[in-house]
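Colleague: Listed below are the residues making up each chain.
Protein chains: 2
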Amino acid sequence: MNCPPNSYVHGRSDRETERLNYQASKLAEMLHHDTRYPPGSRVLEVACGVGAQTTILARNSPGADFVSVDISRESLLKAKHRVAEEGITNVTFRQADVYHLPFGPDTFDHIFVCFLLEHLPDPLLSLKCMMEMLRPGGTITFIEGDHGSALFFPDSSDAHTVIDCLVHLQREMGGNALIGRELWHLMTDAGFAKVAVSPRIVYADESRPEYVEGMKNIFIAMIEGVREQAIARCLVDSETWEKGIRDLYRTTEQDGTFCYTFFKATGNKEL
Amino acid sequence: MNCPPNSYVHGRSDRETERLNYQASKLAEMLHHDTRYPPGSRVLEVACGVGAQTTILARNSPGADFVSVDISRESLLKAKHRVAEEGITNVTFRQADVYHLPFGPDTFDHIFVCFLLEHLPDPLLSLKCMMEMLRPGGTITFIEGDHGSALFFPDSSDAHTVIDCLVHLQREMGGNALIGRELWHLMTDAGFAKVAVSPRIVYADESRPEYVEGMKNIFIAMIEGVREQAIARCLVDSETWEKGIRDLYRTTEQDGTFCYTFFKATGNKEL
Chain A
1 MNCPPNSYVH GRSDRETERL NYQASKLAEM LHHDTRYPPG SRVLEVACGV
51 GAQTTILARN SPGADFVSVD ISRESLLKAK HRVAEEGITN VTFRQADVYH
101 LPFGPDTFDH IFVCFLLEHL PDPLLSLKCM MEMLRPGGTI TFIEGDHGSA
151 LFFPDSSDAH TVIDCLVHLQ REMGGNALIG RELWHLMTDA GFAKVAVSPR
201 IVYADESRPE YVEGMKNIFI AMIEGVREQA IARCLVDSET WEKGIRDLYR
251 TTEQDGTFCY TFFKATGNKE L
Chain B
1 MNCPPNSYVH GRSDRETERL NYQASKLAEM LHHDTRYPPG SRVLEVACGV
51 GAQTTILARN SPGADFVSVD ISRESLLKAK HRVAEEGITN VTFRQADVYH
101 LPFGPDTFDH IFVCFLLEHL PDPLLSLKCM MEMLRPGGTI TFIEGDHGSA
151 LFFPDSSDAH TVIDCLVHLQ REMGGNALIG RELWHLMTDA GFAKVAVSPR
201 IVYADESRPE YVEGMKNIFI AMIEGVREQA IARCLVDSET WEKGIRDLYR
251 TTEQDGTFCY TFFKATGNKE L
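Taken in sequence, the protein lines are chains A and B.
Sequential numbering from 1 applies to the first sequence in our numbering.
Sequential numbering from 1 applies to the second sequence in our numbering.
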């Protein structure tokens, strides 16, 4: 991720790496099925993190050449290791900050960015920086979540409270956990053409056990990851926290349901 | 709709008829594309209202025979008129209450129900009543909204307040405007087999003007329809109301976005 190590709300632990990998594989089809780059195209992946999306991207477009960048050397090492382990050869890695990309103008045919903007204090500036790297007519693709989309049964105000803790902490760190709904204006404000946004909803009930597991391992795990910070900052007392987390797990029981919406957006640099 | 005339939160005015017709045509493809009944099948549509879904259903399955029922004679007259005007001949109408359907057991091959359960004090009982009318192996289809799914930019707590007024009023009248997320447990609790729920998300931004218009004419119009009741019941003061409605319209401007999720569910009566 393109955030300084201390400003990435989810941390960079091994459990977090596992969570990100799990997330990427479960959601791969839903989020990636309509992203394919032609052979010979030069693609920049910004904020590849531990490579969770990189392996999917590179496999789906085996003839394209990827340059995947991240600000964290530690994450890049994991990404490199993973890509090597999977025998993927069309990716090179480079350490870089989204605001200071070390490439010349018009270097890439396409840019791909997943789960980055939510962590940035100035997402619009980052879009402008990325646009410079893109050749005229080239495409840019963003995928972001929006925690305001979490909808579940049984509903619970304590569950919403613990989700709001993450939203609050992310905002304090300069990010925005509700950014999915903002992709439209960010991309049009940055001057991209042919902007198209499509929401992708993940829905879990007992008939879809893999999504129920995903909901536990991805969403609830992510919320649980900010427990100490949330309590330390007095955003919530520990009793409400435990109740909220319990209520989230309650939605994964037999009669429960859970929905979450991701937003995918594409645009072109004007010719 | 299968609600006594005084318990239907949206009322039965001409503007409301127009709203329901507009809603049905805009959302037809998204909600109906995967509902087709084979020639010769006997289909019961429960709570046809003014016939907004009826014409779509009947056209999509021209060989099926529909019986469409509603509790309101006034709505049925409008539905009959509309169906006749469109030259549709495979629908007969009958006045009936969902809790006391005037048919023998196992009469129908399929049942279709749209935007009814949200208005019922005992949706589970209604499912059991409908199941009796269905032959073993026959299918039932439900479509419901969930106002908790409304997500928009710019976000606004006043806009959420006015939406919550409708949720509150509907609950006071015995209904549940957050029922979409409950289709899974209602159908499994009623004993339907092979239950499958799929959310359908409507997303509006400036690049999709027909959805922005739909959002104004369907969703905001629906909220505006309970203004007097909400203020009379002191759920909100008039200043907050006006601000909330203004903020909802604000999401239909150039940089705004709006999402709403419908839930469609199908199941079978056990053989």
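Derived by calculation from the structure, the hints in this document are not laboratory data.
Do not take every clue at face value.
[Stated by the list, open to error] Straight line, CA to CA, 20 Å or less: simulated SDA-like cross-link-like pairs of lysine to any residue:
id, chain 1, residue 1, chain 2, residue 2
1, A, Lys128, A, Asn176
2, A, Lys128, A, Asp155
3, B, Lys194, A, Asp109
4, A, Lys194, B, Tyr203
Colleague: It remains to establish, for every hint, whether it holds in the given structure.
Modeller: Going down the list of hints, with the structure as the test:
1. About 18 Å separates the Cα atoms of Lys128(A) and Asn176(A), which keeps this hinted pair within 20 Å; it holds.
2. For a cut-off of 20 Å, the pair hint linking Lys128(A) to Asp155(A) is broken: about 40 Å separates their Cα positions.
3. About 46 Å separates the Cα atoms of Lys194(B) and Asp109(A), which puts this hinted pair outside 20 Å; it is violated.
4. Taken as a hint, the Lys194(A) and Tyr203(B) pair is honoured in the structure, with Cα atoms around 17 Å apart against an allowance of 20 Å.
Hint compliance for this structure: hints 2 and 3 are not met, and every other hint is.
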